[in-house]
Amino acid sequence: MRGLKTQKKSSSPFSLTDEKFALILIIPIIVFELVLVAYPLAYSFWLSLNDVIFIRRTIKFIGPGNYITTILDPNFLRYLFTTLRMTFDITVLVIFSALGIALLLNETFKGRTLLRMIVLLPWAVSEYCTGVIFRFLYSEQIGFFNSLLMVSGLINKNLLILTPEWAPEFVSIAYAWHYTPLIVFFLLAGLQTVPEDLYRAARVDGAGSIKRFTKVTYPHLRYAIIISLLLASMQAAIATDSIILLTGGGPGIATASLTWHIYELSFRNLVLGMGAAYSYILLVIMFILGSAYFRILFRKRG
Amino acid sequence: MVKIRRVIIYILAILVAIWSIIPVYWFINMSFMTENEVASVPVHFWPQFPTLANYLRMLGYNATATVGNKTVYFLPSGYASAIKSGMVNSTIVAFCITAVTLAIAIPTGYAFGRYKFRAKNKLLFTLLMSRSLPPISIVIPFFMLFQTIDLLGTLSGLIIIYTSITIPLMTWILMGYFATLPIEVERAARVDGCTRLSALRRVVIPMASAGIGTVAILTFLISWNEFLFAWLLNAGTPAQTLPPVFPAMLYHIIDNTGLAAATIISLIPVMAIALVFGRYITRLKIVDPVTTTGG
Chain A
993 MRGLKTQKKS SSPFSLTDEK FALILIIPII VFELVLVAYP LAYSFWLSLN DVIFIRRTIK
1053 FIGPGNYITT ILDPNFLRYL FTTLRMTFDI TVLVIFSALG IALLLNETFK GRTLLRMIVL
1113 LPWAVSEYCT GVIFRFLYSE QIGFFNSLLM VSGLINKNLL ILTPEWAPEF VSIAYAWHYT
1173 PLIVFFLLAG LQTVPEDLYR AARVDGAGSI KRFTKVTYPH LRYAIIISLL LASMQAAIAT
1233 DSIILLTGGG PGIATASLTW HIYELSFRNL VLGMGAAYSY ILLVIMFILG SAYFRILFRK
1293 RG
Chain B
40 MVKIRRVIIY ILAILVAIWS IIPVYWFINM SFMTENEVAS VPVHFWPQFP TLANYLRMLG
100 YNATATVGNK TVYFLPSGYA SAIKSGMVNS TIVAFCITAV TLAIAIPTGY AFGRYKFRAK
160 NKLLFTLLMS RSLPPISIVI PFFMLFQTID LLGTLSGLII IYTSITIPLM TWILMGYFAT
220 LPIEVERAAR VDGCTRLSAL RRVVIPMASA GIGTVAILTF LISWNEFLFA WLLNAGTPAQ
280 TLPPVFPAML YHIIDNTGLA AATIISLIPV MAIALVFGRY ITRLKIVDPV TTTGG
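Protein chains in written order, with this note's numbering: chain A, 993 to 1294; chain B, 40 to 334.
Since the hints were made in silico from the structure, they are not lab data. One should not assume that every hint holds.
Only pairs whose alpha carbons sit at most 16 angstroms apart, straight line, appear in this in silico EDC-like list of lysine to aspartate or glutamate [as the list claims (entries may be wrong)]: (1) B:LYS42 to A:GLU1099; (2) B:LYS109 to B:GLU74; (3) B:LYS159 to A:GLU1025; (4) B:LYS159 to A:GLU1011; (5) B:LYS155 to A:ASP1010.
Here are the in silico distance ranges between beta carbons for each label pair [as the list claims (entries may be wrong)]: (6) A:LEU1151 to B:TYR319: 36 to 46 angstroms; (7) A:ILE1022 to B:TYR319: 24 to 34 angstroms; (8) B:ARG241 to A:ALA1034: 33 to 43 angstroms.
All values reported here derive from a predicted model rather than from experimental measurement. All residues carry an ideal CB built from backbone N, CA and C; glycine is no exception.
All chains, full assembly: derive it from the sequences and hints.
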């Protein structure tokens, strides 16, 4: 990027170079990062090395004790696996449905503008409201899906939808419902960069719609898809609100992800040191995903 | 062939529309029913005797509903005052957070979008990472901290912690937006003797007003929709915003129709904003504004 080249020396007494001006402008964000990000993270790390008893307000230094307890926790791998499973489910659901909807919205048909507005709506519904709403869609007694199945005569007794086996998938569907629109519009922006001539040429050459997608659309969209994959997985890995309101980590610990377990430890059992230790493990995972995302974002531009 | 393609497109469009609307529709449906009708098996797909009673009692009024030829009386819900004060508090927080976020994100976004400087990429990476920090990890140190400095359960505490979500994201978006603006106008202003700061104020910000407006709306939406911090830091205090009302209703009482009405009340502002400003929001590349910056 070129900086502003000034043809004339500024007459102001604060005659600055571009770089100095930029550095002055970013002072607030540096203060912000130090006070609201770096300090809490450092403090949180300090907490993770302590035994924090919230009710008695005592803090006792125990070194890596919390981390050892965490790794020795028989359920630790289960929480990690649940997080990975739901992250995988959500990412797959979001990418495929977003791609399908984006391709649909890229066609010209009557009512397309209306459909665009409708598709955006789930994104305006917050994650916690999504949790509340889907809790009632899935409900055994008064749920939408049970009512639908019963009216269509497929079942005659209400089904339990959130079973220990499949609850993570159903939570993922709810989250994907809320999160898909963002990716739809990102992919749609990517689709609109594909030159129309290429499609015409491919059609003249007799390429079917599948071939047109793999040979023309996909190469143009690959970068957008990779970015969406990383972003969706980063968001999915830290999904919390929907789990809290939809299942509360249940049934049993079927949907207890790392984020849910951090919440449970810190704010139900009030062992904040343990919660902080778990947080740091999650942070490492996020850091790896974030680094990959950043690299791909900037690699394209060299 | 072309005709079949048309038909398939319309069928898919209808399916997508249904899937997007059904969950909210189900709650609207429930909110117009009485508790007895919700309990019927299978639940009706539209209310048999639609009533506004749930909305009225959730907002603290006495209400009546006509079911068949009977009239049923309802008392105001115990959650009415929490809902009303929650809406006021949510609105205050949302406006404050929008102002604070813009004040910091505009200059920073401009600096990132326009200039090259030392350690820029490192700073961008820090910004990106702070955008993807799990809120549940951030809340623990803030909880302890606010406890010590008496900010727990205050609106200012909530505003401070919300900036940790909104500022990195909005800076990131504005950076992409500023980079797309033509540089020539700025240059002309500088030639005419504007200082850098007045060029930013008089030329760049007016040019970017559409982008800044959209970012303001987005900040408002995020603040209104945030749940975890509001719940863990402010639930049960006078500074409680709207979201913490929902887990309380969900876990402590069985009032399905009231819950549905309260949810719809909380969704009305954001739904309206999404419908009116949706076009602008989808035009911003929220996911990847970097692709629009040059060099």
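Ascending list of hint numbers which this structure does not respect: none
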